[in-house]
Each structure stands twice: as C-alpha cells, then as structure tokens.
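Kindly generate the complete structure, drawing on both the sequences and the hints.
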Amino acid sequence: MTTSLAQGVNALVDVIDRPIAAFFNSCVHCGFCAEACLFYTETGDPRYTPIYKVEPLRKVWKQHFTVWGKFLHALGLSKPLTIEELREWEPLVYDACTLCGRCSAVCPLGNDVTYMIRKLREGMVAAGVAPEGLKGAAYRSLTIGSPMKITLQTLKATMRDAEQQTGLTIPLDKEGAELMLILSSNEIGLYPEILPAIARIFDKAGVSWTLCSTAFEATNAGIQIGSSDVARTLVQRIVDGAEKLKVKTVISPECGHAYTALRWDGPNLIGRPFPFKVLHITEFLDQLRAAGKLKTSGHESERMTYHDPCQIARRGGVVDAPRNLIDMIADNYVEMEETGIANWCCGGGGGVSSIERADPLRRKVFSKKKSQLDAIKVTTVVTACANCRHMIEEGIEDNKMNVKVVSLTEMLAQHV
Amino acid sequence: MNDADFLLWVRGPGMIIAVAVFVFGVLVRFLEMWLLGKNVDLAEPKGAAFGAGVRTMFTRSAPCGEEMCDGGFVLFSSWAFHIAFVLIFLFLAPHILFLKSILGFGWPALPKALMTILAIIGIISMVALLVHRFFHAVRNFLGKTVDYVAWTATFLPLLTGYLAAHSPLFGYSMSLALHILSFEIFIVLIPFTKLMHMFTVWVARYINGAAFGRKGVAV
Numbered sequence: 048m049t050t051s052l053a054q055g056v057n058a059l060v061d062v063i064d065r066p067i068a069a070f071f072n073s074c075v076h077c078g079f080c081a082e083a084c085l086f087y088t089e090t091g092d093p094r095y096t097p098i099y100k101v102e103p104l105r106k107v108w109k110q111h112f113t114v115w116g117k118f119l120h121a122l123g124l125s126k127p128l129t130i131e132e133l134r135e136w137e138p139l140v141y142d143a144c145t146l147c148g149r150c151s152a153v154c155p156l157g158n159d160v161t162y163m164i165r166k167l168r169e170g171m172v173a174a175g176v177a178p179e180g181l182k183g184a185a186y187r188s189l190t191i192g193s194p195m196k197i198t199l200q201t202l203k204a205t206m207r208d209a210e211q212q213t214g215l216t217i218p219l220d221k222e223g224a225e226l227m228l229i230l231s232s233n234e235i236g237l238y239p240e241i242l243p244a245i246a247r248i249f250d251k252a253g254v255s256w257t258l259c260s261t262a263f264e265a266t267n268a269g270i271q272i273g274s275s276d277v278a279r280t281l282v283q284r285i286v287d288g289a290e291k292l293k294v295k296t297v298i299s300p301e302c303g304h305a306y307t308a309l310r311w312d313g314p315n316l317i318g319r320p321f322p323f324k325v326l327h328i329t330e331f332l333d334q335l336r337a338a339g340k341l342k343t344s345g346h347e348s349e350r351m352t353y354h355d356p357c358q359i360a361r362r363g364g365v366v367d368a369p370r371n372l373i374d375m376i377a378d379n380y381v382e383m384e385e386t387g388i389a390n391w392c393c394g395g396g397g398g399v400s401s402i403e404r405a406d407p408l409r410r411k412v413f414s415k416k417k418s419q420l421d422a423i424k425v426t427t428v429v430t431a432c433a434n435c436r437h438m439i440e441e442g443i444e445d446n447k448m449n450v451k452v453v454s455l456t457e458m459l460a461q462h463v
Numbered sequence: 003m004n005d006a007d008f009l010l011w012v013r014g015p016g017m018i019i020a021v022a023v024f025v026f027g028v029l030v031r032f033l034e035m036w037l038l039g040k041n042v043d044l045a046e047p048k049g050a051a052f053g054a055g056v057r058t059m060f061t062r063s064a065p066c067g068e069e070m071c072d073g074g075f076v077l078f079s080s081w082a083f084h085i086a087f088v089l090i091f092l093f094l095a096p097h098i099l100f101l102k103s104i105l106g107f108g109w110p111a112l113p114k115a116l117m118t119i120l121a122i123i124g125i126i127s128m129v130a131l132l133v134h135r136f137f138h139a140v141r142n143f144l145g146k147t148v149d150y151v152a153w154t155a156t157f158l159p160l161l162t163g164y165l166a167a168h169s170p171l172f173g174y175s176m177s178l179a180l181h182i183l184s185f186e187i188f189i190v191l192i193p194f195t196k197l198m199h200m201f202t203v204w205v206a207r208y209i210n211g212a213a214f215g216r217k218g219v220a221v
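Chains as they are written, first to last, in our numbering: chain E, 48 to 463; chain A, 3 to 221.
Careful, some of the hints might be misleading.
[Claimed, not checked] Cross-link-like lysine-lysine pairs, in silico, BS3-like; alpha carbons within 25 Å at most:
| hint | chain 1 | residue 1 | chain 2 | residue 2 |
| --- | --- | --- | --- | --- |
| 1 | E | K411 | E | K451 |
| 2 | E | K451 | E | K415 |
| 3 | E | K106 | A | K146 |
| 4 | E | K251 | E | K293 |
| 5 | E | K417 | E | K451 |
| 6 | E | K221 | E | K324 |
| 7 | E | K340 | E | K293 |
| 8 | E | K447 | E | K411 |
| 9 | E | K295 | E | K340 |
| 10 | A | K146 | E | K117 |
| 11 | E | K196 | E | K291 |
| 12 | E | K324 | E | K291 |
| 13 | E | K447 | E | K424 |
| 14 | A | K48 | E | K340 |
| 15 | E | K196 | E | K182 |
| 16 | E | K417 | E | K447 |
| 17 | E | K340 | E | K251 |
| 18 | E | K324 | A | K48 |
| 19 | A | K40 | E | K117 |
| 20 | E | K293 | E | K203 |
| 21 | E | K106 | A | K40 |
| 22 | E | K291 | E | K221 |
| 23 | A | K40 | E | K109 |
| 24 | A | K114 | A | K102 |
| 25 | E | K295 | A | K48 |
| 26 | A | K146 | E | K126 |
| 27 | E | K221 | E | K295 |
| 28 | E | K109 | A | K146 |
| 29 | E | K295 | E | K251 |
| 30 | E | K203 | E | K295 |
| 31 | E | K324 | E | K251 |
| 32 | A | K48 | E | K293 |
| 33 | E | K451 | E | K424 |
Hints were generated in silico from the structure; no laboratory data involved.
Just so you know, these numbers come straight off a predicted model, no measurement behind them.
Quick look at the structure:
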C-alpha cells in the first residue's frame with residue numbers, strides 16, 4: 048500500500064460512523080437516487096448514480112467494520128481499495144456531485160448519500176486524489192486567506208467604492224457591533240455591488256454592524272474539497288474575528304456553502320458551540336421585515352422566479368425567508384415546478400465551479416435549470432448565492448436565453 | 003433420508019440452526035453498526051430532530067412527494083411484495099401456529115383466499131421487479147450478485163409456500179419441507195446480505211430525517 052493510499056484509507060476509517068454503516072447496510076440498489084441527481088438525469092450515464100459514487104467508501108467500510116467483510120478479505124475473496132480506484136472515482140466524487148442533497152432527500156431507505164460523499168472526500172483529499180482547482184483554492188485560502196486571492200486591500204478598495212456609491216461609512220473592526228458581516232470571494236471579486244446594497248439596507252434599518260479585517264472571507268474551500276483540517280482553520284478565523292469584536296450575530300452572505308460551513312459544520316469543526324448566532328443574510332433581512340424595520344417602496348413588474356440555493360434551502364432550512372422578502376416587491380412572481388427543498392441545483396455547487404475539467408459537464412447539466420426556467424417563461428431569476436448566480440448567468444449565456452439573474456439583497460436594496 | 007425424515011429435520015434441527023444463525027448474525031451486524039457511534043451535533047438546531055426522524059421512518063416509504071422523483075412502477079411493485087410478504091408471514095394460519103409454538107401465543111388468521119391473492123401479487127410483483135432490473139440502465143448497472151441472491155432468497159419462500167398450499171409438485175411432505183427450508187435459507191442469509199435492510203432501514207431513515215429536521219427541513 049502506498050503512503051498516499053494508506054493516508055486515504057486511514058482517513059476513511061476515521062470518518063466511518065454509525066450513520067454510514069446504517070446507510071450501507073440499508074442500500075438495496077433501487078436506483079431512486081439516480082433520478083434525483085441532475086448529473087444522471089441530464090446525461091443518462093448510470094455511473095452518476097449517487098450511491099455508486101461512494102463505492103470506495105463502501106469497500107473500506109465493509110473490509111474494516113464488518114465481520115463478514117473481514118472474513119472475506121482474510122480468504123482473499125475481496126480486494127482492498129487501490130489508489131487507481133480512487134483516481135477512477137475522483138471525477139464522480141468531485142466533478143459530478145454538487146453536494147446538493149437531493150439524493151439524500153429521496154432515498155427510500157433513508158440514506159444520506161451527500162453525507163457519505165462529503166466523508167469520502169476526506170479520504171480522497173488525504174490520499175492526494177482531488178482536483179487541482181480545489182487543491183489550489185484550499186491552498187490559497189490557507190496562505191492568502193481567500194480562494195480567489197481576495198486580500199484585505201481588495202476588500203478595502205471595495206469598501207471605498209461602496210462608500211462613494213452610498214455616502215455611508217462601511218464599518219471595519221467596530222468592536223461591540225451587533226452583527227459581523229462576512230462576504231464570499233465571489234461577492235468581493237465578481238459582484239462588488241452587493242456591499243453597497245447591504246450597507247443601504249442596514250443603514251435604513253438602523254442595524255449596528257461591522258466587517259472584520261481578519262475574518263471577512265466566508266468561502267470555505269475546505270468543505271468543498273472535503274478537508275476538515277482546512278475547513279476548521281477557515282471557520283476558526285471567523286470565530287476568532289467574531290469573538291474579538293464581541294458581536295452577537297455573524298451574517299453569512301449570499302453563498303450556499305459558506306452558510307453550510309459556518310452554520311452547520313462550523314461548531315462541529317471547532318468542537319464547541321458558537322457564542323454567537325449565525326444567520327443567512329435572507330434570514331436576517333426577513334427578521335428585519337417581521338420587526339417592521341425593513342420598509343420598501345415600489346414593485347418589480349417583471350415576471351420572476353426564485354432559484355433556491357441547495358445549501359440554503361434543502362441543506363439549510365431557509366425556504367420561506369427569501370420568498371417573504373420577494374413578496375414585498377414583486378408583482379409577477381412565479382415558482383418553478385420543483386422548488387424549495389425539491390429544487391434542482393445550478394450545477395456548480397460543492398466546488399464543481401472551481402474544477403476546470405468539470406466545465407463541459409457542468410454546462411451540460413444546466414439543461415435541467417434551463418428546462419425549469421423555460422417552463423415558466425420568466426425574464427428574471429432571483430437567487431441568494433453568488434455562486435449560483437454566476438453559474439446561472441453562464442448557463443443563460445451558453446443557451447442564449449433572454450433571462451437575467453439578480454441578487455435578492457441587491458434587488459431589495461433598490462426598493463428601500 | 004425420506005420425505006418425512008427431511009420434513010422432521012427442517013422443522014427441528016434445521017430450524018434451530020437457522021434461527022440461531024439469524025439471531026446471532028443480526029445481533030453481530032447490529033452491534034458492529036451501533037458501536038461505531040456518532041458525534042454529537044454541536045450546531046444550534048433550527049428544528050426538532052427526534053420528531054423529524056420518527057416522521058421520516060414512515061414517510062420515506064413514499065419518497066417521491068414534493069416532486070422529488072417519479073416513484074411509479076418500482077415503488078408500487080416494491081410496496082406490493084413487501085406488504086404481501088409481511089401479511090402472509092404474519093397472518094397465514096399455519097404460520098401463526100408456527101409462531102405460536104415459539105412465542106407461546108397466537109392471533110387470528112386472515113382468510114386463506116386473501117392469502118392466496120397476496121401470494122400471487124407478491125410473486126408477480128417480484129418477477130416484474132427482476133425483469134425491470136435487467137432492462138433498467140441504472141438498476142442493471144448497480145445490480146450485484148448479492149442483490150440477485152437476496153431476490154432469490156425472498157422469492158423462494160413465496161413460491162414454495164404457494165406451491166405447497168396449492169399444487170404440491172413433490173408430494174405434500176416434501177413440498178412443505180422445501181418451503182420451510184427456503185424460509186430457513188432466507189433468515190440465514192439476512193445477516194449476510196442486503197436483506198439486513200429490514201432492520202437497518204429504520205435506523206437509516208431516522209438518522210436522515212433527524213439530520214434534515216435539525217435544520218428545519220421536513221423530507
């Protein structure tokens with residue numbers, strides 16, 4: 048066994064737990080998970096069946112944690128996992144899974160396949176078998192502080208622009224503020240208009256908030272590549288920043304995996320509950336709405352829909368809040384057929400958008416979102432994840448669709 | 003060994019061996035799963051995990067609500083043979099007598115005509131599922147030898163039971179003995195195959211539902 052393989056297998060042995068054993072024990076190969084996965088539905092390739100993607104994990108579980116598997120292994124009737132197998136599975140585990148959780152919500156046996164893929168990625172990355180794009184993103188996150196090389200200087204430039212646009216002061220390192228806002232790389236680098244939008248809304252609502260110079264990056268490449276060590280370091284930076292500034296709440300931005308990383312994985316990664324709350328920006332804005340602090344004027348007349356980011360809705364439980372907000376300003380809103388927790392992924396979550404090799408596949412499976420949008424004939428798609436926004440924009444461009452994609456927060460800011 | 007001796011063997015030592023392997027095997031499989039443990043989730047919950055977990059134990063029998071997938075034929079056929087198998091096992095008069103000899107108490111049987119209909123439904127739906135698996139891209143691709151072993155082990159008690167009751171090809175004693183033997187093979191194979199899902203599915207569904215439920219998501 049090579050060193051990298053041994054490290055991979057050891058990592059898998061470490062992450063295998065009761066849920067994974069229950070899931071493998073229960074799977075009857077019914078194939079329902081395939082119908083829930085857009086990589087299968089849009090390609091027809093059975094290798095993209097979610098439960099098939101975790102085959103290397105099943106092999107390790109069986110050989111290491113079942114009496115029968117150990118017996119067969121001792122007799123030479125089952126072969127151990129090889130590094131070649133991990134390499135063969137790499138495109139299935141990374142390029143063809145956005146960790147969207149649809150398979151987990153469908154499996155008749157109750158298997159949380161997404162949980163298993165997330166765990167399998169721990170072994171893959173420990174064995175050194177992970178896409179270069181994600182390795183680079185994780186490395187830059189650790190060394191520079193951001194997967195897209197966003198530095199404090201970049202943030203400060205964005206803050207200056209926002210201050211010029213709004214005439215407001217963007218607070219940085221304001222100790223004792225109620226909220227600390229974090230932003231994803233995409234929002235600073237690709238969609239810098241989000242910061243002035245948030246500043247306007249917070250100003251109108253009288254919110255006490257701040258950015259943090261040591262904890263402004265929300266993107267967690269560790270979650271995407273499947274390295275708890277990397278993920279833990281990145282979460283710890285935010286926790287340290289929030290504790291230093293003594294804020295009561297950290298606002299996770301319009302980014303799906305940032306929310307999952309901090310809200311649901313964060314406390315488990317650092318091994319203790321947070322002394323502050325974590326809210327997605329739409330959850331917080333909805334709280335302002337409910338408290339009567341978010342007043343809007345005017346309406347959007349365009350026919351629009353809302354794309355649920357998987358990590359916010361199905362994997363995060365934030366379904367009503369964005370709709371409550373859209374309802375304040377939209378006159379012609381329509382839902383996609385599969386929506387809320389049943390939504391279809393944009394195709395670029397879970398790190399897929401960072402894998403150059405996966406681009407053709409990602410663009411192909413956008414056909415699912417295209418057919419959803421075509422069916423309801425909208426001209427605007429609202430979403431609350433900058434990565435979804437980017438992926439849908441690309442898909443729209445590829446398919447020459449007459450649809451625009453807007454950020455929910457930005458759209459709301461135009462009406463406060 | 004003649005037919006009568008064979009029947010006596012499967013009813014006596016054969017059954018004891020089968021039940022022992024079944025009980026010990028299931029216990030081992032359950033322990034090796036349970037002892038792996040599970041980390042306590044430190045994230046502040048948004049919803050109640052327990053209620054959601056219990057709910058999912060039952061609701062996931064119909065997984066394609068919320069426009070998530072097209073259950074169709076496979077779901078319907080799977081329900082059919084599971085329900086037929088369980089009802090026949092629990093409510094056929096001779097089965098109740100057998101279970102009474104072990105448990106010490108019995109319960110009313112369902113009419114034999116209903117049992118016959120259920121057996122036919124079970125046999126047809128299982129054959130249909132097998133044929134479907136051969137021709138379905140994903141299910142054929144996923145299918146392994148153990149899946150077909152599990153199918154055979156489930157199918158044989160239904161088939162031999164029906165034959166023993168309605169047209170004993172090898173004489174009544176031998177037909178009955180073959181039926182009992184097929185049942186013994188079935189329970190012996192449970193700990194070694196995916197038939198184990200009859201126990202672990204409740205754990206898996208609970209874990210799944212509780213995980214979603216903590217996040218305030220009902221699936």
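Results for each hint:
{"no.": "1", "hint": "K411(E) to K451(E)", "result": "19 Å, holds"}
{"no.": "2", "hint": "K451(E) to K415(E)", "result": "17 Å, holds"}
{"no.": "3", "hint": "K106(E) to K146(A)", "result": "14 Å, holds"}
{"no.": "4", "hint": "K251(E) to K293(E)", "result": "23 Å, holds"}
{"no.": "5", "hint": "K417(E) to K451(E)", "result": "13 Å, holds"}
{"no.": "6", "hint": "K221(E) to K324(E)", "result": "18 Å, holds"}
{"no.": "7", "hint": "K340(E) to K293(E)", "result": "23 Å, holds"}
{"no.": "8", "hint": "K447(E) to K411(E)", "result": "14 Å, holds"}
{"no.": "9", "hint": "K295(E) to K340(E)", "result": "19 Å, holds"}
{"no.": "10", "hint": "K146(A) to K117(E)", "result": "19 Å, holds"}
{"no.": "11", "hint": "K196(E) to K291(E)", "result": "24 Å, holds"}
{"no.": "12", "hint": "K324(E) to K291(E)", "result": "15 Å, holds"}
{"no.": "13", "hint": "K447(E) to K424(E)", "result": "14 Å, holds"}
{"no.": "14", "hint": "K48(A) to K340(E)", "result": "23 Å, holds"}
{"no.": "15", "hint": "K196(E) to K182(E)", "result": "14 Å, holds"}
{"no.": "16", "hint": "K417(E) to K447(E)", "result": "10 Å, holds"}
{"no.": "17", "hint": "K340(E) to K251(E)", "result": "8 Å, holds"}
{"no.": "18", "hint": "K324(E) to K48(A)", "result": "11 Å, holds"}
{"no.": "19", "hint": "K40(A) to K117(E)", "result": "22 Å, holds"}
{"no.": "20", "hint": "K293(E) to K203(E)", "result": "22 Å, holds"}
{"no.": "21", "hint": "K106(E) to K40(A)", "result": "20 Å, holds"}
{"no.": "22", "hint": "K291(E) to K221(E)", "result": "10 Å, holds"}
{"no.": "23", "hint": "K40(A) to K109(E)", "result": "18 Å, holds"}
{"no.": "24", "hint": "K114(A) to K102(A)", "result": "18 Å, holds"}
{"no.": "25", "hint": "K295(E) to K48(A)", "result": "17 Å, holds"}
{"no.": "26", "hint": "K146(A) to K126(E)", "result": "16 Å, holds"}
{"no.": "27", "hint": "K221(E) to K295(E)", "result": "13 Å, holds"}
{"no.": "28", "hint": "K109(E) to K146(A)", "result": "15 Å, holds"}
{"no.": "29", "hint": "K295(E) to K251(E)", "result": "20 Å, holds"}
{"no.": "30", "hint": "K203(E) to K295(E)", "result": "24 Å, holds"}
{"no.": "31", "hint": "K324(E) to K251(E)", "result": "22 Å, holds"}
{"no.": "32", "hint": "K48(A) to K293(E)", "result": "23 Å, holds"}
{"no.": "33", "hint": "K451(E) to K424(E)", "result": "12 Å, holds"}
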